[in-house]
Structures are given as C-alpha cells and as structure tokens.
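Construct all of the structure, not just a fragment, from the sequences and the given hints.
Just so you know, the protein sequences line up as chains A and B, in that order. Note that the working numbering numbers the first sequence so that position 31 is 36, with each residue one more than the last. Note that the working numbering numbers the second sequence so that position 499 is 671, with each residue one more than the last.
No wet-lab data here; the hints were simulated from the structure. There could be a bad hint or two in this list.
Ranges of calculated distance between the beta carbons of each label pair, as one might list FRET restraints [stated by the list, open to error]:
(1) Arg197(B) with Gly61(A): 57 to 67 Å
(2) Gly492(B) with Ile144(A): 21 to 31 Å
(3) Leu222(A) with Ala661(B): 30 to 40 Å
Computed list of lysine to any residue pairs in SDA-like fashion (alpha-carbon distance at most 25 Å, straight line) [to be verified]:
(4) Lys317(B) with Arg178(A)
(5) Lys304(B) with Ala253(A)
(6) Lys293(B) with Ala175(A)
(7) Lys318(B) with Glu298(B)
(8) Lys317(B) with Leu177(A)
(9) Lys215(A) with Glu573(B)
(10) Lys657(B) with Arg619(B)
Predicted model only: the values in this text are computed from it and were never measured. Think of the CB as a built atom: it goes at the ideal place given N, C-alpha and C, for glycine as much as any other residue.
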Amino acid sequence: MMLPELQRVTRSTFFSRLDFRTKLMTFAYVSIVAALWDNPLLGGVLMLAILGACLGVGVSLTYLGFMFRVMTPFFLLLLLTHGLFNVEYVLRLTGHAHLTPVLTIPASWPLLGGRSVSREGLLYGVNVIFKSMTFLLLIPLCVFTTDPNHLVVGLVRLRVPYKLAFVVSATLRFFPMIFGEIQAVMETQRLRGFALEDMGPVQRVRVYAKTSVPVILSALFKAQQIEVVMRSKAFSGDPDRTYLEHSAMHAPDWIFASALTVAFGAALWSYFAVGFGSFVG
Amino acid sequence: MGHILPRSAIATLERVSYVYPGSERPALLNVDLEIPRGQIIGIVGPTGSGKTTLCLSLNGIVPQFYGGRFFGRVTVAGLDTVDRPIHELARHVGMVFQDPETQIITASVETEVAFALENLKLPAAEIRTRVKAALEAVHLEGVAKKHPHSLSGGQQQRLAIASALAIRPELIVFDEPTSQLDPRSAEEVFSLIREISRSFGATVVIASHAAEEMASTVDRLVVLREGKVAADGPADGIYGNLPLLERAQLRPPDVTAAFSLLAARGLQTGPLPTRLADGIRALELLPKAQPFRPEVEPTFDPGILPILSLRKVSYTYWDGTRALEAVSVDIHRGDYTIILGQNGAGKSTLIKHFLNLLAPSSGEVLMDGKPVSSYSVPEIAHRIGYVPQNPDRHLFNATVETEVSFSLRVTDLPQEEKTRRVEEALATLDLTRYRLKHPFALSKGDRARVVVAAILVMEPEILIFDEPTTGQDDWGARAILELTKRLHARGKTIIVITHHLGLMPGFARRALVMGGGRILLDAPIRDAYHDDAILEKTFLKVTQIVALARAARPENYALTPTELAGSFL
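Below you can see the structure in the form of structure tokens.
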C-alpha cells in the first residue's frame with residue numbers, strides 16, 4: 006500500500022486560494038464553536054459541513070478513509086466510555102433524575118456487571134466524536150490546501166518566529182517520510198516471519214517496540230541529513246530572510262473573514278443568550 | 173580573511189586532519205589540496221576513505237555542524253571555513269548531495285530553487301530572475317510549479333543542481349550525486365555537470381564511484397585512502413594506472429580494464445584509453461575481433477513446475493498509478509535472475525507480489541502452483557528471504573547474534589537446531605567474530621551481511637536482493653555479489669533487482685527487463701545486455717564492454733573485459 010500524501014492538495018478552489026491567516030481564523034472559529042456546542046445534531050451538521058468542505062477543496066477520499074479507519078477504535082472507546090460511565094455530567098446537562106438505559110450488562114460479568122449503557126451517555130459520546138472529527142477535518146481543510154511556503158509566510162506575518170513557522174512546515178513534510186519508514190520496517194518484520202495479526206497483544210507490543218528502533222534511528226539520521234542540506238543552503242533561522250512568495254489579504258479574504266466573524270459572533274450570542282447548541286438528551 | 177591565495181585557486185586545504193566525535197580514527201589525515209578555478213576535480217576512494225568529509229569541509233559543515241577535532245586550515249574564496257558561519261560560506265559553495273529525497277526542502281520546484289536565495293536575503297525580483305535562469309540551465313523550465321516529489325530521480329538531482337547554481341557560487345560540490353539513479357539519469361547529471369562547467373566556468377568537485385562517467389567528466393582526480401591523499405593527477409593518468417587503483421581498492425572504467433588485458437597480450441601499446449570514445453578509436457588499430465557468442469545453457473528443466481509465477485498480474489496503487497500491466501513471468505528453482513529497469517519501472521512492485529505484500533488488482537501470483545495468498549506470513553518467510561536496499565530497516569537487536577537468531581524465536585524448532593542454524597549462518601557470512609557487537613557498530617557492508625545471515629537462518633529456498641550494490645563501493649558491491657554466487661552454488665534461487673548493469677555479468681544467467689510496468693524482455697543476460705533498443709526503452713544503456721564489442725564486430729556478444737580481450741586473436 007502506498008501511504009496517502011499528507012502534505013498538500015493541489016486543486017485550486019476559493020478556499021485554497023485564501024490567505025493562510027484567513028484559514029487560521031476559520032480553524033479557530035470553527036474549533037471554538039465545535040467545542041461549545043454539545044448538541045449532537047448541530048455537532049453532526051457542523052462536522053458534515055467541514056467534511057463537505059474538505060471534499061470540495063479536493064482532500065482525497067483515501068485520506069479521509071485512512072483517517073477514519075485510524076480513529077475508529079478511539080471513537081468506539083469514546084462511545085462506550087460515555088455510554089457506561091459519563092453519568093453525573095450528563096445528568097447535570099439534561100437536568101433529568103435518571104438516564105435511560107438501552108443495554109444492561111449482566112450482573113455476573115466482572116467489573117462492569119450490572120452497569121447500564123445510557124441513551125443520553127451514548128448521545129453525548131456521539132457529540133464528542135463529532136467534535137473530534139470536526140477538529141481532525143479542519144487540519145486537512147486548512148493546512149493541506151496551503152502551500153507550505155505560504156504557510157510559513159502567513160505564520161511569519163502573524164509574528165510567529167520564523168524558526169517555529171519553519172518547524173511547522175517541516176513537520177508536515179516529515180510525517181509522510183516517517184510513515185513510509187514505519188511501513189517499510191513493518192513489512193520487513195513480516196518478511197522475517199512475524200505475523201502481527203496472529204500475535205497476542207503483549208507479543209505485538211514487543212514487536213512494535215522492536216520496530217521503533219530502526220524507525221527512530223532512521224528518523225534521526227534523515228533529520229540530520231536534512232539539517233546538513235538546509236545549512237548548506239544558507240539556512241540560519243534568521244527572521245530577516247526574504248521570501249519569493251508574499252502573503253497578502255485580498256478582497257475575498259476580507260469578505261470571507263468578515264462573514265465568518267459575523268457567523269461566529271451569532272453562534273456565541275445564541276449559545277450564551279438562548280442556549281442554542283446545548284446538549285439535548 | 174587576509175589569507176593570500178594563489179591567483180587561480182578557489183579553495184585550499186592545508187594539512188587538514190579531522191576526527192568525528194566519538195571516533196578514534198581520523199576521517200581526514202594531513203590532506204593538502206589546491207582547487208584551481210575552472211577545473212572539474214574528481215574525488216575517488218573506497219567507502220570510508222573520507223570523500224564526503226572532504227566535501228563537507230569545503231562549506232564548513234565539517235567541523236562546524238558535526239563538531240569533532242579539526243586540524244589544519246581550509247579556505248574557500250579566501251574565507252576560513254572554521255571562522256566563517258556556514259550560511260556565509262554557502263554564498264560561495266553550492267552543494268549537491270546523494271539522496272534526492274532528503275535534499276528537497278520545499279513543496280514546489282521554484283520555491284526549492286528559491287530557498288537558499290531567500291536565506292541569503294536577496295530581493296524577491298532578483299530571486300525570480302535567478303530561479304528562472306537556474307531552471308533553464310538544468311532544462312527544468314516547464315515544471316516550476318510542480319511538486320518536487322512528482323519528478324523523476326534524475327530530474328530531482330537536476331533540481332538540486334539548479335538550487336546550487338542559483339546561488340551563483342564559485343565552487344559547486346557534488347557528493348555521490350548519481351549513486352541512487354538509473355544509468356540514463358546518471359548520464360543526464362554528469363552531462364549537466366560538464367555543461368555547467370563549460371557554460372558558467374564553475375569550479376566543480378565531484379565525489380563518485382562511477383568510474384566510467386568520472387573518466388569522461390573530470391580534469392583531475394584525487395584518490396583518497398584512509399583519509400589520506402593517495403594520488404593526485406590528471407584523470408587519464410590515474411584511471412590508466414591499474415596497480416595504483418588496485419592498491420586504492422578502486423576499479424578502472426571497463427574500457428580501461430579491457431585494454432589493459434589487450435596490453436598484457438601485446439595487442440595494445442601506449443596509454444590505456446579511459447573513455448569509451450577513445451576506446452572505440454583505439455579498436456581501429458587492433459586486429460579484427462572474432463565473433464563471440466557462447467552457447468546459452470538452459471537454466472531450468474521445462475518439465476518442472478516453476479517455484480514462483482505471476483499470471484497476467486496488474487496492479488494499480490491507491491493514487492491511480494498503474495504499476496504493473498498484465499505481467500506474466502515464471503521463476504524456476506535454481507535460477508539466478510536479475511530484474512533490470514529504470515526507477516519506477518515496476519521492479520519493486522513485482523517483487524512485493526511474490527512476497528504477498530501486495531495483492532494483485534487482477535491476475536494471480538503462485539508459489540509452487542498454489543496462490544501465494546494461501547501461505548501464512550511465517551511460511552512465506554521460510555520460503556523467500558528478502559534483503560532490502562537499506563539493511564538498517566532489518567536491524568533492531570542489541571547484538572549480531574540476537575539479530576541473526578531473532579526470526580527463529582517464533583518457530584517451534586528444537587533449541588539445538590536453532591543453535592546450529594545460527595552458528596552456520598554466522599560462519600557462512602564471516603560474522604562469528606562480530607557476534608557480540610551491536611549491528612550498528614559495523615560498516616554498511618557488514619550490516620548487509622548481518623541481514624543476510626538473519627534471513628539464512630530461516631533456510632529460504634529463494635533469496636531476493638533489492639538493489640544490493642546501491643551506495644556500495646566497488647569492493648563492497650563485489651563482496652555482496654560474490655555472496656549471492658556462493659548461495660546460488662548452494663542451490664538457492666536468486667533474484668537481484670538492480671540498475672547497475674556493469675556489475676552483473678559473471679553472476680546472473682537470466683535478465684528480466686522491465687519498463688512502464690511491463691516485462692519488456694525475458695532473456696539470457698547476454699542477449700538482454702546486447703539489446704540496446706529494449707534497454708533504451710527503460711532508460712538503461714549498454715555497458716562500455718557491450719559498446720566496445722559491438723564496435724569491434726557486430727557478431728561479438730562479449731560481456732566482460734576478459735571475454736572481449738579474448739576475442740582478439
């Protein structure tokens with residue numbers, strides 16, 4: 006399997022052409038609203054809107070599917086945890102005296118015996134999953150649509166120190182390389198007779214731990230090589246460097262940012278004033 | 173500043189010695205060298221002889237980045253490379269490194285070229301002008317907006333050259349710029365280096381193992397051995413001095429090797445040619461070569477079921493890349509097969525199907541007539557051993573012995589059998605003396621042998637070597653190929669993926685030539701090496717010996733210097 010390119014989507018769209026600062030504003034506003042809203046229905050709509058935006062700007066289904074596959078175990082864990090254990094907080098949110106059980110674990114089961122999975126807890130779990138998905142989808146939406154060089158320039162214009170801005174863009178470049186290395190090392194493990202799918206969790210963890218040795222060594226080696234290359238290209242981290250690209254807020258940026266600010270203000274007002282977006286069990 | 177250079181020298185090294193941190197052995201020892209302006213200087217030597225260290229000392233990376241103990245003095249454009257910061261030296265010295273993957277920093281071709289210029293604080297308008305000029309100089313003007321990773325290996329190296337060129341440095345240093353490229357891309361890079369030197373008058377230093385290309389590119393050759401300058405002189409003189417090369421563990425260009433054999437037989441007088449064109453001219457003074465085409469021995473019994481088979485296998489990657497196109501091929505027990513082809517020809521994808529790491533989009537993969545997918549992971553590991561291009565991916569234990577025995581842990585073999593296999597593998601690979609050493613404390617060649625030993629304990633019938641000679645010097649490459657020969661003689665089926673054609677005659681019997689995801693040719697190695705039309709299709713080129721043989725006589729199918737020399741009466 007080839008790993009999805011995590012770094013960039015190249016389709017030219019209204020959103021991808023926006024300045025990185027406008028995208029950062031989008032990231033911040035949507036994240037805040039997603040964090041505030043506990044209503045699973047609204048959270049779901051917001052998540053779907055961001056998913057639609059991702060597809061619209063050209064984030065590949067392969068990447069989205071990959072992300073969803075990776076996150077699925079965590080989401081199931083979230084759902085179960087909230088369904089089983091999030092009782093006090095959900096009771097406070099709903100104002101009910103009792104939660105509605107949808108499944109009761111037989112009393113004979115160790116540890117969990119007698120506990121119920123509640124409908125309200127599950128709904129809250131769904132809401133948390135939607136929040137998480139929204140955050141996760143904002144990353145490809147805002148970052149992958151930005152040329153790393155524009156990203157650096159945008160961050161520098163926001164007075165982020167150049168070295169830090171460069172580290173952010175270099176990290177995006179480094180991730181696929183590390184994933185590629187992990188995949189190659191896992192393949193070589195299989196070729197030495199280690200079938201992870203047939204192993205128990207302890208043995209599997211041992212093999213993963215062993216795998217980390219060549220991955221870490223390779224990552225360190227490549228990081229050192231890249232630093233040598235960068236130094237050879239006169240990189241010193243000096244913030245006074247010049248840029249081929251320039252970062253500028255154009256009319257579409259101002260219009261989009263203004264509209265977004267109004268929507269954000271309305272969301273804040275409606276949440277705090279009339280409870281729009283509160284949890285409904 | 174203030175150091176007065178000889179008028180024509182761009183760089184000098186005076187009594188330079190250097191020891192890396194944590195090392196006891198000097199990487200450079202009392203090196204004196206003067207690099208005059210306008211010359212192309214080649215640096216040659218076996219792995220570990222100090223070539224890269226010397227290159228890195230020219231822009232201050234050694235010792236400023238690595239630390240360690242540095243003695244003597246290096247000056248470039250009058251600047252002391254210890255006193256001046258690296259970013260200041262970068263204005264005078266452009267660097268091109270070995271690995272296209274790690275030397276690309278940014279996400280587009282034009283910003284890659286601009287990166288150093290931005291660091292040098294040039295105005296945006298000046299950067300644009302220089303980027304355009306540099307991309308034109310390396311013939312990449314049409315791809316300015318592309319992502320560098322979408323370029324071929326050769327194009328990526330040309331991009332790295334453009335990045336160096338854009339700085340307009342007085343000196344450009346190339347450290348093994350073609351070791352990871354297929355022959356055509358390597359030729360592109362060397363031809364570009366010659367063009368840059370001619371057009372811009374740039375001074376060039378190249379460290380490389382590619383004897384044939386170096387001989388036709390450099391004016392002067394510096395031979396390093398154990399950190400010391402073992403010889404320094406005109407390239408023709410040094411490549412023509414075989415005893416000197418032998419002492420320095422280097423090989424001459426194939427054309428020189430062939431003519432030295434002719435000289436030994438009294439057929440060649442005067443200096444030995446070191447370039448192909450000179451060799452072809454020198455042929456005219458020789459008696460007519462005899463036809464040479466030995467009978468091809470059958471490599472397998474057609475009545476016996478092949479051990480591995482691909483039946484009309486196609487494979488498409490997730491991003492739509494069609495990597496294999498209806499490929500059918502059989503590998504027979506006892507074969508020694510090489511798979512040739514440019515980078516991206518589909519060689520690795522094909523091998524991954526044999527190893528069941530990829531499932532075909534269509535078609536079937538068989539091992540002993542059964543679908544390979546029906547075998548478990550341990551079963552495949554016991555049948556097929558895979559030696560990756562980068563041996564370090566296989567190493568994760570604290571001693572050579574535990575590394576070699578690691579795969580046996582998940583088997584239910586009796587302990588005595590496990591011990592016997594480990595001892596035998598260590599002995600076969602001459603690793604017994606290193607058994608308690610950490611694998612990473614060994615040289616790259618030794619690490620590769622540890623990986624082979626770790627695979628041999630599984631006693632696989634088939635061994636697949638993925639680009640085993642890449643990044644190795646000539647002696648290291650030959651040592652690995654000799655090992656494949658010994659294993660073949662012990663009955664193993666050997667498959668080698670390579671684009672280093674020159675090294676394989678004398679080892680392989682059969683060649684699969686791949687291009688564009690298809691098998692372009694499946695033939696005895698002699699026929700494949702002489703089929704220049706097919707090789708051309710996959711960006712390979714005939715070896716110097718094949719070119720000489722065909723120039724000598726079209727019916728001459730020699731593959732090695734010995735065969736060629738032997739065909740002159």
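Hint check results:
1. Between Arg197(B) and Gly61(A), the C-beta spacing of about 59 Å keeps the proposed range 57 to 67 Å intact.
2. A beta carbon spacing of about 24 Å between Gly492(B) and Ile144(A) agrees with the range 21 to 31 Å that was offered as a hint.
3. Checked against the hint of 30 to 40 Å, the pair Leu222(A) and Ala661(B) passes, with Cβ atoms roughly 35 Å apart.
4. Proximity of Lys317(B) to Arg178(A) is assessed by CA-CA distance (about 17 Å); at most 25 Å being required, the pair is judged to hold.
5. Between Lys304(B) and Ala253(A) the alpha-carbon distance is near 23 Å, which keeps this suggested pair within the 25 Å criterion.
6. Between Lys293(B) and Ala175(A) the CA atoms are separated by roughly 20 Å; this keeps the pair inside 25 Å, and the hint holds.
7. Pair hint Lys318(B) plus Glu298(B) holds up; C-alpha atoms about 21 Å apart against a cutoff of 25 Å.
8. Proximity of Lys317(B) to Leu177(A) is assessed by CA-CA distance (about 19 Å); at most 25 Å being required, the pair is judged to hold.
9. Note on Lys215(A) and Glu573(B): the hinted pairing holds, with a Cα-Cα distance of about 16 Å set against a maximum of 25 Å.
10. With a C-alpha separation of about 19 Å, the suggested pair Lys657(B) and Arg619(B) falls inside the 25 Å cut-off, and the hint holds.
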